[in-house]
Amino acid sequence: MSFSTFIGLFLGIAIVISAMSMGSSILIFVNIPGLMIVLGGTIAATMIRYSFKETLHAIGMSFHILLPSNDIKDKNELVDLTEDLLRLSRKDGFLVLDKQEVNHDFYRHGVRMLVDGYSQDVIKQSLMEENKLFVERATTSAGVFSSIGGAAPAFGMIGTLVGLIQMLSNLSDPSSIGPAMAVAMLTTLYGAMIANLFALPMADKINTWVQEESVRQLMIIEGLMAISEGRNPGMMRELLSPYLENKPSVEEVTA
Amino acid sequence: MSFSTFIGLFLGIAIVISAMSMGSSILIFVNIPGLMIVLGGTIAATMIRYSFKETLHAIGMSFHILLPSNDIKDKNELVDLTEDLLRLSRKDGFLVLDKQEVNHDFYRHGVRMLVDGYSQDVIKQSLMEENKLFVERATTSAGVFSSIGGAAPAFGMIGTLVGLIQMLSNLSDPSSIGPAMAVAMLTTLYGAMIANLFALPMADKINTWVQEESVRQLMIIEGLMAISEGRNPGMMRELLSPYLENKPSVEEVTA
Amino acid sequence: MSFSTFIGLFLGIAIVISAMSMGSSILIFVNIPGLMIVLGGTIAATMIRYSFKETLHAIGMSFHILLPSNDIKDKNELVDLTEDLLRLSRKDGFLVLDKQEVNHDFYRHGVRMLVDGYSQDVIKQSLMEENKLFVERATTSAGVFSSIGGAAPAFGMIGTLVGLIQMLSNLSDPSSIGPAMAVAMLTTLYGAMIANLFALPMADKINTWVQEESVRQLMIIEGLMAISEGRNPGMMRELLSPYLENKPSVEEVTA
Amino acid sequence: MSFSTFIGLFLGIAIVISAMSMGSSILIFVNIPGLMIVLGGTIAATMIRYSFKETLHAIGMSFHILLPSNDIKDKNELVDLTEDLLRLSRKDGFLVLDKQEVNHDFYRHGVRMLVDGYSQDVIKQSLMEENKLFVERATTSAGVFSSIGGAAPAFGMIGTLVGLIQMLSNLSDPSSIGPAMAVAMLTTLYGAMIANLFALPMADKINTWVQEESVRQLMIIEGLMAISEGRNPGMMRELLSPYLENKPSVEEVTA
Amino acid sequence: MSFSTFIGLFLGIAIVISAMSMGSSILIFVNIPGLMIVLGGTIAATMIRYSFKETLHAIGMSFHILLPSNDIKDKNELVDLTEDLLRLSRKDGFLVLDKQEVNHDFYRHGVRMLVDGYSQDVIKQSLMEENKLFVERATTSAGVFSSIGGAAPAFGMIGTLVGLIQMLSNLSDPSSIGPAMAVAMLTTLYGAMIANLFALPMADKINTWVQEESVRQLMIIEGLMAISEGRNPGMMRELLSPYLENKPSVEEVTA
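Taken in sequence, the protein lines are chains H, Y, W, C and E.
Counting in the working numbering, the final residue of the first sequence is number 250, and the numbers go up one at a time with none missing.
Counting in the working numbering, the final residue of the second sequence is number 250, and the numbers go up one at a time with none missing.
Counting in the working numbering, the final residue of the third sequence is number 250, and the numbers go up one at a time with none missing.
Counting in the working numbering, the final residue of the fourth sequence is number 250, and the numbers go up one at a time with none missing.
Counting in the working numbering, the final residue of the fifth sequence is number 250, and the numbers go up one at a time with none missing.
Honestly, the hints are just simulated from the structure, not real lab data.
All values reported here derive from a predicted model rather than from experimental measurement.
Among the hints, erroneous ones may be present.
Copies of one chain are not kept apart here, so a pair can be met inside one copy or by any two copies together.
[Claimed, not checked] As a list, the in silico DSSO-like pairs of lysine-lysine whose alpha-carbon atoms are at most 30 Å apart: (1) Lys70 / Lys86; (2) Lys119 / Lys94; (3) Lys94 / Lys48; (4) Lys68 / Lys48.
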C-alpha cells in the first residue's frame, strides 16, 4: 500500500464534493445517464484496446497499491531480514525458515521454494520469470489507466455535445436553457474528474511503483541466492549494497 | 478475433446511441451532409497519406481482429500442438501431417511446406520473410487508423465551422439559430465518435496485437524447425520455452 | 506520382466545397483579406524557419508526388529492368544501354554514367551522394510542410482574434454582429483546411515516400554495380533480393 | 540560489497582481473556496503520484534554488579553491584543512571526511553515492513540479465547470450571471497562474540546475582525490579541465 | 544573417498590422497594460527557467541570425578560401596570412592563432572547445525561445481571464461589454503573435542554423590543420570533401 496515494485519492474526492455542495444542493451534480455515457464509453474504449485479463490485472494492481499490506518497503529492512534468515539457515538448515515470518509476498514465495528443496538454479530462474512477468503486467496496467485517462475526457465531451445538440434542437422554453446546459456540462466534469483525480495519477503511480518493487524483487533474488549458498553475512550485505539508494552512513561502513 | 475488442466496439456504439435517443428523437442526430464532410474529409486525408493498398490492408486487419477466427491464441496450446505434430512425424513421416488439423493460418502454411518437401532452410527463410512482412503491414495499418483518429476530429471541426459561418451570415430568423447550431455541432460529434470509439483504440489494439502475434509466429517457426529435424519432444519444449510468458509452474519443471 | 495522394487531395477539396455551397452561396466563404492573413502569416513563419532554397525544394517535391510520372514504382519491375540491361550489356557492351528506355530518373542517370565510361567506384560514390542528398532534402521538405501545418491554424486563430476584436470594439449595429463573426471565423476555417487537407498529410506522405524511394535508389545502385561487373543474372537477383519486401513465392525460388 | 529565478518569480507575481488591481478592486480576484479546489485538487493529484518524502524533497529543492546561499557556482573558483586546499595539505597535512572556509556543502562534506582520516576509496565511493542520490532526488523533484503544472490547470477547469453548473442550474436572477461567471472563471485563472508562473518553469529550472550541480559535484570529487593523493597543482588543474566549459583562454594555456 | 528569416519576420508583422488597420483604426489593437502582462509574464517565466547570461546569449544569437553579416555561408567558398590561404602560406609562411581577408569570424580567429605561432595541437583543441561551447550555447538559446513561445500564449490567456473577470464582475453598463471583451481578448492576440510570428520559428531556426554552422566550423578546423601542416591543396580538398553536401559534379571529380 502507498499511504500517500490513498490519502490523495480521498482528499481529491472530498475537496471536489465539498466544492459541489457549497452554495447549492449537491444533487444538481448527479446525473445517471450522463455518468453512464462517460463511464460506459470509457470502458468500451478500454475494452477495444485491452483484453479482459489485462483490465482485471490493472484493477488488481490499483487495489494492491491502495489497500493496506504488510509487504516490507524499506530496502534496509529487507537486508536485515535476509541477514536473520541467513544466520538461521546457516545454524539450523533451510527447513527452519518455514516458521519465520517473511513480510513480503515475493520473498515468502522464494523462501518456500528453498524449504521445498528446489535447486538454486530452479529458484533463480523461476523468480526471474516471475519478476519479468510482474514488470510486463504492471506496464500494461499503467497503459490501461492511461487509456482511461485519455478516453474519459473524450467521452465527457461527447456527452456534452449530445446534450447541447438535444437542447439546441428544442428551444421552445427559454427558461429551460440554463438547467439543460448545466446537465450537458456535467459529462465534461465527470470526464475531467475521472482522468485527473484517478486515472492519470494512477498510471504514473503504477509506473514508478513497479520500478521500485522490481528493484526490491531483484534484491530478494540476490538475497535468496546468498542464503542458498550459505554465504557469510558480511559478504551478503556487500552483494546487496548496489540495490540500496541511501547506503548506511560512512561511519557504519568503516566502523 | 479479440472478443474484448468486439464487445467494446458494440458497447460503445450502444451507449452513445441510447444516450442520443434519451429525451429526444434520435433523428436529430442524423445529418447526411455533415456525415459526408467528416467521413469524406477523413478518407481524403488518409488517402493523401497512404496508398490504396495500405488502406485495404488496414481494413482487412481490423476485420481480422473483430471477426471470429479459430486461430490458436494460447502459446501453451501451440507447444502442445507442436508436440502432437512432432510425435506424429517422428512415427509416420511428414506426409501424415497433411491430415492434421492445424488451427493457425501461419502454422498451417508452414506445415504444408513441410509436407510439400521443401528444405528446412527454404521454409525458415520464407516464413521469416512472411513474419517481417506481417509486422510491416500491421505497423502501417495501425498508422492508417492513427491518421483516421487525427483527421476525423479535424474535419468535425471544419464541418462545424462551415455550419456556423452559414448560420451567422444569415440571422434573419432568430428562432432558427438553435437548430442550426445543433446541426453545425453534429460534425464535431461525428468526428469525436469516429476517433474515440473506433480509430484511436483500433490503432492501439493493432499495435499490441501485432506484437503478440509476431511472437507466436516466431515460436511456430522454431517449432517447425524442431519438427523438421525430428527433435526429441522434451528438447523442443525447452527450445520454445523462452517464448512463453507464464511458464509451467516450478513443480512441473522439476517433476 | 502517387495516385492515391492526388485523388485524396482532389476529393477533400471537392467535399469541403460542396459542403460550403450546400444551403447558402459559396461566396460567403470567400474573404480575400482573411485568406491573406492566413496564407501570408503561414508563409512568413515558414520563411523564418527555412531558407528560400529549402522551401522551393519542398514545393518541387510536392509536385513530384502529385504530378504523373513514368518512374517505376514496383521493385520487381526494377529487378526485371536490371536483368534486361544486364543481359544486353553482357552481349553488346555498355554503349548499347544508351538506347534503352529506363523509366526511372535516378536509374537513367546511373546508366548514362555507365555509358560515359566512368569507373565503378566513381559511379557508386556519386550515386550514394545523390541518394544521401535526396534523403536530406526530402526530410527538410517534410519539415517545411509540418511547419505550414502548424502555422496555418495559428494564423487562422490570429485572424479570427483580429476580426472579433474589431467587431467587439464597434457594436453600434447589432444586426451586423452575425455576419462580422462569420467573417472572423473564416480565417480559422482557412487555417484548419490548409493544415488538415494539405500540409499535414503531405508532410507524412513525403516522409513515407522518401523511405520507399531511397530503398529503390539503393537497389538501383546495387543493380548498376552488378551490370558494371557483368555479373550472372541469377547472382544479380540474389544480390537485390533483400530489397524486395514480398519476395517471389517459395515455389519460384525452389523451382 | 539562482538570482534570476528569484527575480522572475517575484516579477511575474507583481505583474499579474498589478494587472488585477488596475481598473477594479483586487478583491474580486480573491475567492477562498475556488483557491481551495485548485490547490487541494492539485495537492491530491500530486499525492497520488508521489510519496510524502518525494514531495518534501521537491519543496526543499525549490527553496534551495530560491533562497540565497554561499555555495560556489563558478567552476573556475572551485579549481582555485582546490589549489588552495591542495597547497595547504601538501605543506601541513590534511588536518589543517578543517579550519579552511569551504563555501560548498558537498565540498565541505568531502573535506571533513578527508580530515577524519577516511581512506580515498571510502571517500570516493561515499561521495559518488551521494551524487547519484542527489541526481535521482532532483529528477523526482522536477517530476513533482511537472505533475503540479499539469494538475493545476485541470483542477482550475474542474472548478470552473462546478461553478458554471451551479450558476446555470439556478438562473432566477439574471443580474447575478455576470458575477457568478466571474467567480467560476477564477479557478481557471488560479490554475493557469500556478502552472505558468511557478510549477512548469520550476520543473525546467530544477532539471537544468541539477545537471550543472552534478558536474560541479563530480569535479569536486576529482579535486578531493587529487588532494588526497597530494598531486602537483598543475596536474590537478589538468585533471579538472574537462569539467570547465569555458576554459582559460589560449594565452594562459600556452604561457 | 539569414535573409529569408529577416524577410519572414518583416512580412509576418506587416501582414498582421495591415489586417489590423483594415476596416478599423489600428489604435484599438494597442493596449499598454495588456502588452505589459504578456511581455512581463513571458519574461518572468523565462527568467525563472534561464539565467541572465543564457537569455542574453539567446538575444545575441537572434541578432546574429537577423542582422547582415559577411560570414561565408557556402561551404565550397570555404574550401576555395582554404586553398588560397594554403597556397599563400606554403609560399610565404604563416605570417603573411595576417593580411588576408577572411570573411568568417571563427576562421579569422583560427588564422590569427596560426599567425601568432601557436602549435597545431593548441589551435585544434582551443577551436574544438569553442565549437562545443557554441553548440551548447545555441541549444540553450533555442530553449530560451521555445520557453518564450510556450509562455506567451499562456500569459495571453491569463491576461484575457483577468480582463473577462473584471468585466463580468461589473456589468452595470451593457454597452461597455463589447469593448471590454475586445480589450480582454487583446492579450490572447499578443501571446499568439509573439509565439507564432517570432519565438517558435526563431527557436526552430536557431536549431537548424547551429547544425549548419557547426559543420562549417568543424570544416574550418580541418582546413586550418591542413594549412598548418602545409598539405598539398588536392589532398586538402579531399580531406574537406565529406563536409560538402553537394559535391562538385562527377565531371569535375574525374576530369
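Tested hints:
1. Taking identical chains as interchangeable, the C-alpha atoms of lysine 70 and lysine 86 lie at most 30 Å apart only when both belong to the same chain, with a minimum of 24 Å there against 44 Å between chains.
2. When the C-alpha separation of lysine 119 and lysine 94 is checked against a cutoff of 30 Å, the pair qualifies only within one copy, where the shortest distance is 22 Å, while the shortest distance between copies is 42 Å.
3. In this homomeric assembly, lysine 94 and lysine 48 never come within 30 Å of each other (Cα to Cα): the closest approach is 35 Å inside a single copy and 34 Å across copies.
4. Taking the closest pair of Cα atoms, lysine 68 and lysine 48 come within 30 Å of each other both inside a single copy (27 Å) and across two copies (13 Å).
In summary, the structure is inconsistent with hint 3 from the numbered list given earlier, while agreeing with all the others.
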